[in-house]
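**Student:** As a plain string of letters, each chain reads:
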Amino acid sequence: MIELYPLLFHLRQCPEIFLCNVDGEAENHPQSYILLKDVYRKVYGSFNVEEQLLPPLHSAWRHQFNDKQLITFQIACWFFSHPFFNSKPSLLPSINAFLFEDLVQLSPLVSPRAWIEDEDRAEEFIRLALKRCHIPITGESTAASADRFDALSTTKRIEIITDTNMSIERIKEIRRKMEEEKAREAANSYGRD
Amino acid sequence: MAGIKGPSVALNDAERFPLLNNLELLQQLRQDEFAPFFNFQSGDRLDAPKLEKVKQYADQIRGKKQFWEPNTMPHWLDGYWAQCRRGVPFYKNSPTDFREQATIRRSDIGIAPWEFVSDTASLEDLLVYHTSGTTGAAMNVLFDAVSQACWIPQLQSILDTYQIQLDIDFERIAIALICSQNETLTYASLSTYLQGAGILKINLKPEDWKAPHHRQAYLEKYNPQILTGEPFAFMDLMQVNVKITPKALISSAMKLSEGLKTRLEQHFRCPVIDIYSLTECRMISFAENGRHRAIRPELYLEVFDPEKDIPLSPGTWGELVVTGGTNPFLPLVRYRTGDFCSLQVEYGIPYLYDLEARKPVAFYTKTGKLINNIEISRAMMPYALVGFKLHQNLNHELLFTGWCQEPIQELVNQTLQNIFGQDLGIIVEILPADTHNTYKNVSYTSDLSKF
Chain A
0 MIELYPLLFH LRQCPEIFLC NVDGEAENHP QSYILLKDVY RKVYGSFNVE EQLLPPLHSA
60 WRHQFNDKQL ITFQIACWFF SHPFFNSKPS LLPSINAFLF EDLVQLSPLV SPRAWIEDED
120 RAEEFIRLAL KRCHIPITGE STAASADRFD ALSTTKRIEI ITDTNMSIER IKEIRRKMEE
180 EKAREAANSY GRD
Chain B
0 MAGIKGPSVA LNDAERFPLL NNLELLQQLR QDEFAPFFNF QSGDRLDAPK LEKVKQYADQ
60 IRGKKQFWEP NTMPHWLDGY WAQCRRGVPF YKNSPTDFRE QATIRRSDIG IAPWEFVSDT
120 ASLEDLLVYH TSGTTGAAMN VLFDAVSQAC WIPQLQSILD TYQIQLDIDF ERIAIALICS
180 QNETLTYASL STYLQGAGIL KINLKPEDWK APHHRQAYLE KYNPQILTGE PFAFMDLMQV
240 NVKITPKALI SSAMKLSEGL KTRLEQHFRC PVIDIYSLTE CRMISFAENG RHRAIRPELY
300 LEVFDPEKDI PLSPGTWGEL VVTGGTNPFL PLVRYRTGDF CSLQVEYGIP YLYDLEARKP
360 VAFYTKTGKL INNIEISRAM MPYALVGFKL HQNLNHELLF TGWCQEPIQE LVNQTLQNIF
420 GQDLGIIVEI LPADTHNTYK NVSYTSDLSK F
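The listed protein sequences derive, respectively, from chains A and B. Heads up: the first sequence begins at 0 in numbering that gives the first Met the number 0, then just goes up one per residue. Heads up: the second sequence begins at 0 in numbering that gives the first Met the number 0, then just goes up one per residue.
A few of these clues could be false.
Facing chain A, from chain B, some residues (calculated, C-beta under 10 Å) [to be verified]:
| # | residue |
| --- | --- |
| 1 | 5 |
| 2 | 10 |
| 3 | 40 |
| 4 | 88 |
| 5 | 111 |
| 6 | 113 |
| 7 | 127 |
| 8 | 129 |
In the DSBU-like style, the derived pairs of lysine-lysine whose C-alpha atoms are separated by at most 35 Å in a straight line are [said to hold, decoys possible]:
| # | chain 1 | residue 1 | chain 2 | residue 2 |
| --- | --- | --- | --- | --- |
| 9 | B | 246 | B | 52 |
| 10 | B | 52 | A | 181 |
| 11 | B | 220 | A | 181 |
| 12 | B | 204 | B | 220 |
| 13 | A | 176 | B | 54 |
| 14 | B | 91 | A | 181 |
| 15 | B | 242 | B | 254 |
| 16 | B | 91 | A | 130 |
| 17 | B | 91 | A | 155 |
| 18 | B | 54 | B | 220 |
| 19 | A | 176 | B | 388 |
No lab work stands behind these hints, which were simulated from the structure alone. Fair warning: this is a prediction, and the values are worked out from it, not measured in the lab. Virtual Cβ for every residue (Gly too), placed ideally from N, Cα, C.
Work out the full structure, taking the sequences as your base and the hints as a guide.
**Tutor:** And the structure:
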């Protein structure tokens, strides 16, 4: 269990360097790769851990993601560097899923900077990460957390907008069909009109 | 009502009857030497999958019926409500528990009928029926060919209780709808469900025929098995003195008085059945031993307080509210019918007691000519009235009160003069639409009515 606001404060303190440079100066690996490995080790609780005990990042992974996604990963690295996550190796699979499933899915919809600079997106980021890691928020019931997350969820918002747009199109189509002559060749076989 | 288009003719017979190869009876009915001047065309548009659905519905409604027990809800209701919440725009974001759902009214549907179209309904199947609204404002009712055609199985389920069967005969008329109005749609048609048997809609007004005696000749030649109509039309049919042998008369659209029922039964020597039916959901019940017997297990009936959104306990008189039906273009949930009764479930069958629905009211001109209140409803259709009431005094004077945002006082006055003539007093009052707060949208009363 953890309080939301210290995490929110921490996330919004993300240094500028995490937001602008993905390749860095290392010869073999880009900066994001190095940051990810570092944060995995921190969460594991040891910097001398064997590679195979950490989630795998194979050498060609850089080419699977665009710069926007890599910057988002770096923001996540900053977030998980919070002391709360130190030495909790059981969280590694969830953190991995958060990075490569949740954030990848959201990256076309949210710019990396918005995760830090927009209050709602920052809260969404944290709630999504904690939800993935099954970490409850202090002072909130499961239902209250779920409600608050639904209210902030970018995916949900896009779904509603899509639904609304579809509904508007459908209404237009129904109204158009109602005007068609063939739809109006209709009679009530036992009525009196 | 302004902005609502009327019906139109747009199809050919092959499109009207995709499964019927033999259209001989149809041509014969249209071209008969005694045929009336038909002014409309209509077909059931049933293709094979749609016909199958109608047959399945017939099996269900004509088979053993399972309604619901007192103070319980039907077994299908939770699923139906979940489906409506998921797929019908108007009901989305409604409470999960059906019991918390508010009632809806005719005006909800009239304002935005598209809000009630299920997401799963194919718009290729959309049909529009424009109703004048005997008891409410005119509106468009959307439906599909299947829900439209289901009126015949509903009718059969009523006839079954009288041990009356419709003969399936593609050379005969199964059902004739008899009208007696200044103006109405008339047509000859066939029923695919009844394997090509004839369906007629005719108007008894002499002006609709080449010669007045053709009315007898035509009806006697085709001798329809079932006549449907409203009490005024049946009264006029008796006057025409036609010698036909129907198996039953089905009276709808207005309440049938016991006196007229007896006269009609003596005249036509067959049962006369008074049914209660709404354009929005088709048949609901039929009169039996001084009460109304429900016929549709897939239509849940409740009674609500007329003013407040509170369901009333069994036996309490209030407004009838319906949920369910078969129409994907208008799935009804707690729809206030505008009609009043109390409800009792007895031996598993719901009965409507003291049903006050569509009471026929006779109006008269100064010369004694009878005016059917349907004529008045039809004449008011062009105006954007949210409701109106009309009363006739013993001295023939007419008192009209309407609720409308537009200044239509003169127009209404002129319309009533066109119907009743200029030799009686007419007082028209038009009030702002938002002051309309009576629970009946349209009400007719007359000190001269003999019903």
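**Student:** Each hint should be assessed against the structure and marked as holding or not.
**Tutor:** So, going through the hints one by one against the coordinates:
1. Against a cut-off of 10 Å between C-beta atoms, the interface hint on residue 5 of chain B holds, since the closest Cβ of chain A lies about 7 Å away.
2. Annotation: residue 10 of chain B was flagged as interfacial toward chain A, and the flag holds, the nearest CB pair being 5 Å apart, inside 10 Å.
3. Checking residue 40 of chain B against chain A by beta carbon gives a least distance of about 7 Å; that is within 10 Å, so the hint holds.
4. For residue 88 of chain B, the suggested interface contact is upheld, since its CB lies about 6 Å from the closest CB of chain A, less than 10 Å.
5. Nearest Cβ of chain A to the Cβ of residue 111 of chain B: about 8 Å, under the 10 Å cut. The hint holds.
6. Checking residue 113 of chain B against chain A: minimum C-beta separation of about 4 Å stays under 10 Å; hint holds.
7. Because the closest C-beta pair between residue 127 of chain B and chain A is about 5 Å apart, less than 10 Å, the hint holds.
8. For residue 129 of chain B, the interface hint holds, the least distance from its beta-carbon to any beta-carbon of chain A being 7 Å, beneath 10 Å.
9. For the given pair, residue 246 of chain B sits about 27 Å from residue 52 of chain B by alpha-carbon distance, which is consistent with the 35 Å threshold.
10. As the CA atoms of residue 52 of chain B and residue 181 of chain A are separated by approximately 22 Å, the hinted pair is consistent with the 35 Å bound.
11. The straight-line distance between the Cα atoms of residue 220 of chain B and residue 181 of chain A is roughly 32 Å, inside the 35 Å bound, and the hint therefore holds.
12. For the suggested pair residue 204 of chain B and residue 220 of chain B, the alpha carbons sit about 19 Å apart, so the restraint of at most 35 Å is met.
13. As the CA atoms of residue 176 of chain A and residue 54 of chain B are separated by approximately 27 Å, the hinted pair is consistent with the 35 Å bound.
14. For the proposed pair residue 91 of chain B and residue 181 of chain A, the alpha carbon gap of about 30 Å is at most 35 Å, so the pair holds.
15. Note on residue 242 of chain B and residue 254 of chain B: the hinted pairing holds, with a Cα-Cα distance of about 25 Å set against a maximum of 35 Å.
16. Annotation: proposed proximity of residue 91 of chain B to residue 130 of chain A holds, straight-line Cα distance about 27 Å (limit 35 Å).
17. About 16 Å separates the Cα atoms of residue 91 of chain B and residue 155 of chain A, which keeps this hinted pair within 35 Å; it holds.
18. Annotation: proposed proximity of residue 54 of chain B to residue 220 of chain B holds, straight-line Cα distance about 30 Å (limit 35 Å).
19. For a cut-off of 35 Å, the pair hint linking residue 176 of chain A to residue 388 of chain B stands: about 34 Å separates their Cα positions.
Of the numbered hints listed earlier, not one is contradicted by the structure.
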